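Trainee: Sequence:
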Amino acid sequence: MKFVASFSQPKLSFVLAIYIGLFLNISVYYRRFDYFSLSAGSQVPTFIPALVELTVSILFTFFLMRIISLGGRRFYRIIASLLVLISVAASYYMTFFNVVIGYGIIAAVMTTDIDLSKEVIGFRFFLWMLVVSALPLFLIWKNSLRHTLIEQLKSPGKRLIPLLVLIAVVALVWMPLRYMDNVQSVSERESNVDLPSYGGVVAHSYLPSNWLSALGLFAYTKYDESQDSSNLFDPAQHFTYVPPKGIDDTYVVFIIGETTRWDHMGLLGYERDTTPKLSKEKNLVAFRGQSCDTSTKLSMRCMFVREGGTEDNAQRTLKERNIFSVLKELGFTSELFAMQSEVWFYNSIEANNYSFREMIASEKHNDGKSVQDMLLVDEVKESLARYPKGKHLIVLHTKGSHYLYSMRYPRSYARYQPECMGVDASCTREQLINAFDNSVLYTDSFIDSVIDQVRDKKAIVFYASDHGESIDDNYHLHGTPRQMAPPEQFRSPMMVWTSDKFLADADNQHAFEQLKAQQRVGKTHRHEELFDTILGCVGYTSPDGGINPKNNWCQKPAN
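Every number in the working numbering is 3 more than the matching position in the sequence shown, counting from 1.
If you are wondering where the hints come from, they were derived from the structure by calculation, not from laboratory data.
From a predicted model like this one, the values you see are computed outputs, not experimental measurements.
Every residue, glycine too, gets a C-beta built ideally from N, C-alpha and C.
Among the clues, some could well be false.
BS3-like cross-link-like pairs, simulated, lysine-lysine; straight-line CA separation at most 27 Å [to be verified]: (1) Lys283 / Lys504; (2) Lys285 / Lys394; (3) Lys384 / Lys285; (4) Lys248 / Lys559; (5) Lys504 / Lys280; (6) Lys460 / Lys248; (7) Lys322 / Lys392; (8) Lys553 / Lys322; (9) Lys519 / Lys394; (10) Lys331 / Lys157; (11) Lys285 / Lys157; (12) Lys526 / Lys285; (13) Lys285 / Lys460; (14) Lys394 / Lys248; (15) Lys248 / Lys14.
Label pairs and their in silico Cβ distance ranges [claimed, not checked]: (16) Thr49 / Phe78: 52 to 62 Å; (17) Lys322 / Ala388: 18 to 28 Å; (18) Ser282 / Met178: 23 to 33 Å; (19) Asp276 / Trp347: 30 to 40 Å; (20) Ala137 / Trp347: 37 to 47 Å; (21) Lys225 / Lys145: 14 to 24 Å; (22) Asp237 / Pro159: 52 to 62 Å; (23) Phe78 / Lys248: 56 to 66 Å; (24) Arg77 / Ala388: 38 to 48 Å.
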């Protein structure tokens, strides 16, 4: 007992850091063992990333334990105990259920439905909590906590060393992660494989940073939602939306494309057959579309709100809530899965759960995999299993055809040769186009794979790319200010697919016939029409102007 009491607070913090950073993370180290060789590439020995992750997780925990001692002994005991208890609880599910602790888990824990929360807690959980947390809690509450950080900073002559130690700890966390990011970047260029941010995956994999980052994201989301609800016009609160009969077993999927151009899609007239699978889908219509802007962030502001729902300024200031949050208010459950990290947008849809690329890459079955869009197919499958009854929305944000094009698809899709393989390579226009077309070929397979997941359900799937891309001698990439952007940066393909069960309803069949008629005459559609079209094609009506008939592709013609 005297030995425990004699520990200084810095020593106790280090012991707790080893306990949490090493012992509670053993299952993660074991799971990521095979991934370490991929992270190292050919540049460093395999043990280096393992050593880096072990060091980072321990030192990060030590840093936390020291920082919270700024609140004094009582504050430290309470907060350190919470850190231990939450980490022990998380480690139980990480160890026995291979759970990745992310936003969705935190949102589920924070649910007000206590009965549902209790269903995932059993005797083994309580036994684990008792046995695994006993030692660290004993150390925290029986220690005298000499030399807390606040005590040292208040003592003349004792301030410099603890500050230097903390600075050194920060450096020893940041520098190895930065080094491994650089090593992984070299490995990416050598293998032409797109991997998630190394530091991001580490942060979402290990205790306690995984649940702390998820908790921070949850808090930010709640704050963001409260700000939006007070500042943005909410169509669901100002208009009446009448649901169609049978809406309760309907699934809606929206795939947000990235950079894909309609004039490089075979089913829209391109000379190359870049869409062999979608071209065979009998229940699919495709349109040459016009994007509302030329970059991801700007387009995502204006493409999902009513026409006029953003300011006509450079930054596209939002004035209204988007279609996905409106569907949520109309009773849909929703989940979003993304290969990008536009967190501001993911928050705005108010989904029951969302995961972006680093979270998805942290999942056990994705260890070592390239972050390509096909990873989203399993997320769709699992989302459907979680919501088997319907009235469920799934939003997918893809990487599509974003530059560097050759990193968007596996080698099996490299049909068109030669292709541009490196960001620093001197590529010809032909090589760029070949790589771009290969990415469209992969997108074709991805969309068809998503459709396969809902083919036997009552479902409707929408697809729209956020903007186009310039691939020419004079213009490259995208993001040119819309007032002066070339036309190809606005060429956004738009598609609608419906299942046979969805078309079994006479009204839905009639609406789909209208879509096919528009396709036959080559009608062009716009991003600004998506809000009204999604509601209209799902079957909603609005007697008081909530749906603009001119923007609703499925609007019944006037008699």
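Trainee: Would the hint linking lysine 394 and lysine 248 be met if the CA-CA limit is 27 Å?
Mentor: holds (12 Å)
Trainee: Compare the distance between the alpha carbons of lysine 460 and lysine 248 with 27 Å, and conclude whether the hinted pair is satisfied.
Mentor: holds (16 Å)
Trainee: State, for the Cβ atoms of arginine 77 and alanine 388, whether the hinted interval 38 to 48 Å holds or is violated.
Mentor: Holds, since arginine 77 and alanine 388 (Cβ atoms, about 46 Å apart) stay within the stated range.
Trainee: For the pair supplied as a hint, lysine 384 and lysine 285, is the alpha-carbon distance within the 27 Å limit?
Mentor: holds (22 Å)
Trainee: Hint check: lysine 248 vs lysine 14, CA-CA at most 27 Å. Holds or violated?
Mentor: With a Cα-Cα distance of about 65 Å, the restraint between lysine 248 and lysine 14 is violated, given a limit of 27 Å.
Trainee: Is it true that the CA of lysine 285 sits at most 27 Å from the CA of lysine 157?
Mentor: Outside the cut-off at roughly 75 Å; violated.
Trainee: Hinted pair, alpha-carbon criterion (27 Å max): lysine 285, lysine 394. Please report holds or violated.
Mentor: This hinted pair holds, its Cα atoms lying about 24 Å apart.
Trainee: Are the Cα positions of lysine 331 and lysine 157 separated by 27 Å at most?
Mentor: violated (52 Å)
Trainee: Would the pair lysine 248 and lysine 559 pass a check requiring their Cα atoms to be no farther apart than 27 Å?
Mentor: holds (16 Å)
Trainee: Tell me if the beta carbons of aspartate 237 and proline 159 are separated by a distance inside 52 to 62 Å.
Mentor: holds (57 Å)
Trainee: Cβ-Cβ distance between phenylalanine 78 and lysine 248: within 56 to 66 Å?
Mentor: holds (58 Å)
Trainee: For the pair supplied as a hint, lysine 553 and lysine 322, confirm whether the alpha-carbon distance does not exceed 27 Å.
Mentor: holds (21 Å)
Hints 7, 10, 11, 15, 16, 17, 18 and 21, counting from the list given before, are not met by this structure.
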